[in-house]
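Q: In case you want the letters, here they are:
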Amino acid sequence: MLSADFVIATAVAYVGLLFVLAYFGDRRARSNQRSWLHSPWVYTLSISVYCTSWTFYGAVGNAARSGLEFLTIYLGPTLVFVGWWFLLRRLVRISHQQRITSLADLLSSRFGKSNRLAVLVTIIAVIGIAPYIALQLKAVTSSIQAVAGASEFGRGSLTGIDDVGLALGVAAAMALFTILFGTRHVDAKEQHHGVVAAIAFEAVVKLAALLAVGMFVVFIGGGFEQIFSDAAAAGVRVDAENTFDVRWLTTLTLSMAAIVCLPRQFQVTVVENSDENHLRTASWAFPAYMLLMSLFILPIAVFGLAKMPAGSNPDMFALTIPLAFGQETLALLAFIGGFSSATSMIILESIALSIMVSNHIIMPLILRFGSASRNGGGVTGLLLFARRLSIVLILSLGFFYFFFTRDSNALAPIGLISFNGIAQFFPAVIAALFWRDATRRAATAAIATGFVFWFWCSFLPSFASVSPQVVLLLEQGPWGIAWLRPEAMFGLEGLDPLAHAAFWSLSANVLTLVIGSLLTSQSALERLQASVFLDVFRTNQASGGNFVLGSATANDLFFVVERVLGDTRAAALFEAEARDAGVDPDLLEPSPEFIGRLERELAGSIGAASAHVMLSKVVSGSDVSLEEMMQMADETQQAIEYSQQLEKTSAELRSTAQKLEEANTQLRELDLQKDEFLSQVSHEVRTPMTSIRSFSEILLHADDIDQQQRRKFVSTIHQESLRLTKLLDEILDLSALERGERTWRNAPIDPERALDRALDVCEALLRQRNVSVEWGRRSGAALVEGDPDRLCQVFINLISNAVKYNDTANPVISVSTRLRAGHHLVDIADNGPGIATGERKLIFEKFSRGAQAAADQGGAGLGLAISRQIVKRMHGSLDLVQSPLPGACFRVRLPVLVV
Amino acid sequence: MLVLTLLGALLMLPPLVLVFNQPLRHWGLPQTVLYLFALWLVLIAGTALLNRFLPPEPAGSDSEAD
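Protein sequence lines, in the order shown, are assigned to chains U and B. Numbering-wise, the working numbering puts 446 at position 279 of the first sequence, and it's gapless, one number per residue. Numbering-wise, the working numbering puts 254 at position 33 of the second sequence, and it's gapless, one number per residue.
Mixed in with the good hints there might be a few duds.
[Unchecked claim] Only some residues are given here: those of chain U computed to face chain B with a beta carbon under 8 Å:
# : residue
1 : Leu-235
2 : Leu-238
3 : Val-249
4 : Arg-447
What the hints contain is simulated information worked out from the structure, not anything from laboratory work. Model, not experiment: these values are computed from the prediction. Yeah, the Cβ is synthetic: ideal placement off N, Cα and C, and Gly gets one too.
Here chain U stands alone, though its shape is the one from the complex:
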């Protein structure tokens, strides 16, 4: 016979085996990335942690009590996995990109890395899961009791220990195992390969055990047909008319939500997923696993109902039927199977929850009170301690729930309470993945509202069996308010309590979420995260630059990262980044992308919100160093200076361009002048050349010219060539003067003496033309700077002009000099015809002559131009001024040297 001691020893040995398996699985997974542990089959089997002792024991009981309803618990997840392409694939991809560690992390990350939301989710999850843990404790306890109670000496060392004591023992043992299993180290991605391996092994064990029991039952029952016939004969009906009512819909919906939102399911399906392609296999293999699990549940249930003594607990049929037929080995296998399903669930659930608690509640507290910065030993140890503490807390809660509700006997209803609680996350998760406008405040309010309704309508009533107050509440409502009765809210009576609770909580939840999102607006970070989540398949890049480059040095960052991830992993990260950037690790400048990556790595260990807070403290925290500020200011200054320089340069360029344009215009004018000059020169040269040519031709060909004629011709040729030479000399002189090529010596001279000399030279001309010179007043001796010969040339030119162009009968030249305002002035006027107003400006140009005089005068018209150039070289000016006589008056104006 089986004794309780033996069974317990077997269980302990089994857990020992699991531990060994987990240990080696861990080592194998670490050393070899491509081991069988990374196969899609292990992944699928680990997902089957969904089938807990609720399935193993509870489903049989459920089938015995409510017929086919138990199937919905497996059909709902089947639908979710069949549609994996839409929901699960998206969830896995996002979680990989964002290093999501838990459901709370997912929601907080999506809704602006809000830690408050993460805390809310964590608290609700811990409370909501308590009944579920209690269910496992109850199942294990009952199974031990069932085995022990089957024989008179079976109780062994359990004598005198009641259910509660046993459950406490089980809970304590489970806590110990979970701590040993799950919290040996903090992994960067929160993947526990060893645990997953153990879970997969347990999945095989429980399936094998249930199949064995099922086949045994079918065998002794005489086949499926016989069993159902016997059951029908005994009055057991499975296809009741009322199977497919509101409850069917409710449980289906709740199980769909649960397969996504249960912390342990999220952990194995999403977090522990190492390859998205594994989901492909799991999408049909996991439903197939569930189908196999449920295949024999109905036969076991109806067989048990028909054959087992009345009053026996239908939850324990899988165990008690083999015992009743004396199959102790099979019973032991069944026990191990049930134990397997319970342990795997408890281990994973508490690991998942402990990650949530430590990342979202304990870490933020540590960060807030800053003990981490003082604790040089690192956050890792603290984190592990926090997780261990959370595991104990979670199992304690489960135990207390078990303690208070120990009198209710069915397993499945307890589990459904949990499902309903956990389902409150489902609307927010769906909104997080598919609705861009869902806001943080709306999601928080929705989850909180749903939780309140669930707590009131589902959680509280479960204590009815131990608390008379709760019973009173159920019957009359709080303070006698009938419409607030937990199982008949707002007068909605007659509905199944579970459907009632699910309806109210989920409706309120969805309504709050939708209306809240429409009323509130998102923060910038939320919008950013929303687009990261919704566009996960569109953009391949993960969100990075949430941080502006503040004062973070690689050193500061390393210090932070090292404390969380440990020395080696942090060093590896920084070295990789330095290698990518191509710089020495010590000189690494953290780029925003790198900080973004560090944040995700940290998020893998401590959650998105905590990681964000932690890095924010370093990166954009209050302590932007003074040097940094100075440098930033400097950089601004430099930028301003640079732009100013640019402005200046461009102004210079503008003025240069303008100058160039002016020069260009001038050049074009000069070019025009040159052309004009050339045509004038050729014109001037042509006249004497023509006469020279014609006279020389006559001399050559006409032999009959007399000597006198000949002499006349030759003298004309001589005169013309003299004129030509003079013209050419003048042109050369002018061009030399204009270009300033000729050496020019300025010396102090007396302009009066130059004037006297010029008059002396012109004496003959004056007398020949019978011109009288009138002297005006004279300035007396003065000193100007200039060349005496050149100045004399100017005067001669002016006097000869005055003589040449004067055609009056009694020609007069008036000469006067004076000193005025530092200048020495010489006026030479005549009583000739004067210069027409239109020509006044032109007479100083080359080759221009007065219109009247042009015809018969021999000058080339260069005299005034040359004179003006000469005076200019002496820093003076030659102008036409108002004349005291009827004719023209030229004034030479030279600056007087200060003596």
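Starting from the known structure of chain U, arrange chain B on it as the hints suggest.
A: Relative to the frame of chain U, chain B by itself:
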């Protein structure tokens, strides 16, 4: 895939499921039970089949690479 999922959901919910909820027996088993398990099998097989036609994920899509 969407069609299969929605069809599965429709077929296992009232009112369609009620069509098969008759107190009939085939090979000694209640028709409802047979119907639900058959539907379940069809969903599993359909998913396995459909997955062959879906484009595979890029190998090693694990974000270790980023």
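Q: Is the interface hint for U/Leu-235 satisfied, with its Cβ closer than 8 Å to some Cβ of chain B?
A: Hint on U/Leu-235: holds, closest Cβ of chain B at ~6 Å, below 8 Å.
Q: Does U/Leu-238 meet its interface restraint, that is, does its C-beta lie within less than 8 Å of any C-beta in chain B?
A: holds, 6 Å
Q: Hint validation: U/Val-249 versus chain B, beta carbon distance must be below 8 Å. Holds or violated?
A: It holds, given that the least Cβ distance between U/Val-249 and chain B is near 5 Å, below 8 Å.
Q: How about U/Arg-447: closest beta carbon in chain B under 8 Å, or not?
A: holds, 5 Å
The structure agrees with every numbered hint stated previously.
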